[in-house]
Amino acid sequence: MRICCCVKRVPAPGARINVTADGQAVDVAHLGFAVSPHEECGVEAAVQLTEAHGGEVTVLTLGAPEAAEQLRYAASVGAHHGVLVPTDGSGWDPQRTALALTAAIRTLEEAGGPFDLLIFGNESADSGGFQVGIRVAVALGRPMVGGIKGIEIDGPTVRARRETDAGFEVYELPMPAAVGVKEGINLPRYPTMRGRLASKRLEVAELAGDALPGGQAMRRLHRPAEAASETVILGTGPGAAPSVVDVLADLGVL
Amino acid sequence: MLLAVLEHDGAAMAEAAREALTFGRALAGRMGVPMHAALIGNNEGALVATAGAHGAEVVHTALHPVLSDYGPEAWGEVVAAMVRRLAPGAVLAGGSDRGNEVLAQAAARLDVPFVANCLDVDPADWSITRIQWGGSLLEDVSLSAEVPLLTCGLHSVAAETAETPAAPTVEEFAVDLDAALARTAVRDRVVLSAGVTLSTAPVVVGGGRGVGSAEGFAPLEELAELLGGKVGCSRAVTNNGWRPHADQVGQTGTRIAPQIYIAAGISGAIQHWVGAMGAKHILAVNLDPEANIVTKADWAVIGDLHEVIPAISAEIRARR
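Residue numbers (numbering that gives the first Met the number 0), protein chains in the order written: chain A, 0 to 253; chain B, 0 to 319.
Among these hints, one or two may not hold up.
Claimed, not checked - These stretches of chain B come out as covered by chain A in the derived footprint (C-beta under 8 angstroms, 3 or more residues):
1) 40 to 48
2) 103 to 109
3) 218 to 224
4) 263 to 271
5) 301 to 311
Just so you know, the hints here were simulated from the structure itself, not pulled from any lab data.
The C-beta atom is built at its ideal place from N, Cα and C for all residues, glycine as well.
Chain B with its partners taken away, still in its complex shape:
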């Protein structure tokens, strides 16, 4: 079987986990094996049902006091224990911070390879195409491993439920964990923005160097709010201190996947593009009709963002 490791926040399945189940379902099909799922630190019925809806036939739940909150070492140790005892044909997680971290922890403990951010996997000979440079280059690798540990690139597949959902069997996976592993568990959480976040926003309004200043983002904020979206920015903007780094879209920032990305005053350097290319649609507002982002966009407005963005907001208000 193929074992999909599920990222969750205790109540809801992470988008990356639903992507892993979607990717894993196809891979398990090519391997000719069933897909199982690993639910660590939780056995909520809703999470089990979501795993089943995405095609997991068996859900292995691991409960232990050390697993009461996320911790990379404890989670990695559980995955390693599952590999030893359940002998999966492959292990897959989503290519999120946690997915990559947990599989790297497991691989280190098992002393086996780990291939991060795969786009295409041929289980016949484990030849794999994976992401380098945040997606601006691809690497073909051949993997030689007792058990392949893989993550699928974030947003490289759209999460979809299975045509024939499973009512999964729940199997308790008894783990004996060293209490010392709690040393890397989450101690506290600070919530800064409840609700819509940059990586899940249906609309992102992005600003680049062309915005010109921190104050210049006010009209972008206004448009984002009208559309129930979030403001993003390029690396030039955070390097100038106009926006916090948390707003940065790109290889070293956040990967977005909105319904539409409105990119204003952004040239579209490759390091920004790889963070934005998960957008379903792109609308560029730029003075330069030859800018990279304009040539890659679905739609473009050629003009000064300082005039165009407020005009869009005004038009939306007029229609409401």
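Just chain A, same shape as in the assembly:
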């Protein structure tokens, strides 16, 4: 199988996210970076599929030159190739990003043959536009389903599971296909010593790519107003249980 997995370099999730004084960007001075969580699972899914069915994983990213670090991370957990579409690091809108990624995938497919599967994260952890993968898939004419938490390959078909409130839905996409995956599809592995060596040896290919901006322009980032809350301490230890149950009774959930 030939799989292309698109990833985004984002500030490592979990930290408090602050905004620069001018409101134009996330203040990254004290932040580490990582592959956006859904996409980290996407890389793992791609590597598992090639382990089971043979083939190669190409990881593609668009971003600042430093995003090569995330390609090296992907190589350390089993990806075979890394491709960077370098930008000035400013936040591109979703239409522009999708156009540039589409062009890059076309170039890679002209050189190496079509990808059987394109894997995207369902949405990026930072800008959360919920659309880049879908735009790329539509531009390339590939069937695409998002929210995927399970992938199996059955001959020419990708069987994909999507979690719903009550259970899951099953989709069967004819390859070449595209999926948007979510965290929970797997638990990504940690890099091994051999993986770390492979990541050092990875030759990051660069593809020049640009596109016209789309219709959504960022003006300002800001933190939401935090509702001031007065916490009522109901007590200490198990002795607080009656007060807790009084609260539950007042809310009518008993």
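For this one, chain A is given, so just place chain B on it according to the hints.
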């Protein structure tokens, strides 16, 4: 008019769709236009009536063999066709998996922008405030589009019926769809939990790292069951393999909106908080009185969850 795209399961309207109708009603009011609704793959009277109760004046129904079950490509194609033929002033859906997916599909087909998870929209100049980082940051954007395609952030408004419900006109929207679009339709469904689900549960009992083990969740299960609720957990818990990812509350998990969230042994990291902040009320059980979740909660019990949670269950039983 403003076109609200309705998510449904064939029988009932999704909560996200009722939120979109509520958000859309206010937005249409500011635009000075009526609200219409798109009912795809269905023309059930009950769904039409629900749309009317929430203020839709016209319901456009699209029926076609390819639309017999949900499929993102076919649904996106129908919305794109409606935009071309009905020329709405804006299109809105709920910020659910499907809502965001369908509008992204439609936007890609129309080659227009799509702004996901909006909280505030000014139709005078289409300046919009939207969610980034799952809600821990907000982004102001200016939108330049022939037709704005938007979703409203999940649970950012409470679904409410209109003061003056409409008896909507039903207009059949004839669609000619390529049978090949069935390639992304739902093929099968597996129901794991009938009834109450994490995202709709009236009570959620959440456990974090402080629970300590998979077995440690038993008292939380017991309390949740007593209250007719569900158990949720933090990302640390799923990363440790103590609970399945489906139970995770947070930016990369489920967004909950219960009457009360009982958060036990959870510190309240931002990525968990954005999934939990839709709760009407929060009660924290934590050893650390300075924990984030304690400072954000309505009520807190300072103590060991392994003692406090069973005591709450015992007290509930004693009163029954």
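How the hints compare with the structure:
no. : hint       : in the structure
1   : 40 to 48   : violated (count 0)
2   : 103 to 109 : holds (count 5)
3   : 218 to 224 : violated (count 0)
4   : 263 to 271 : holds (count 3)
5   : 301 to 311 : holds (count 8)
Hint compliance for this structure: hints 1, 3 are not met, and every other hint is.
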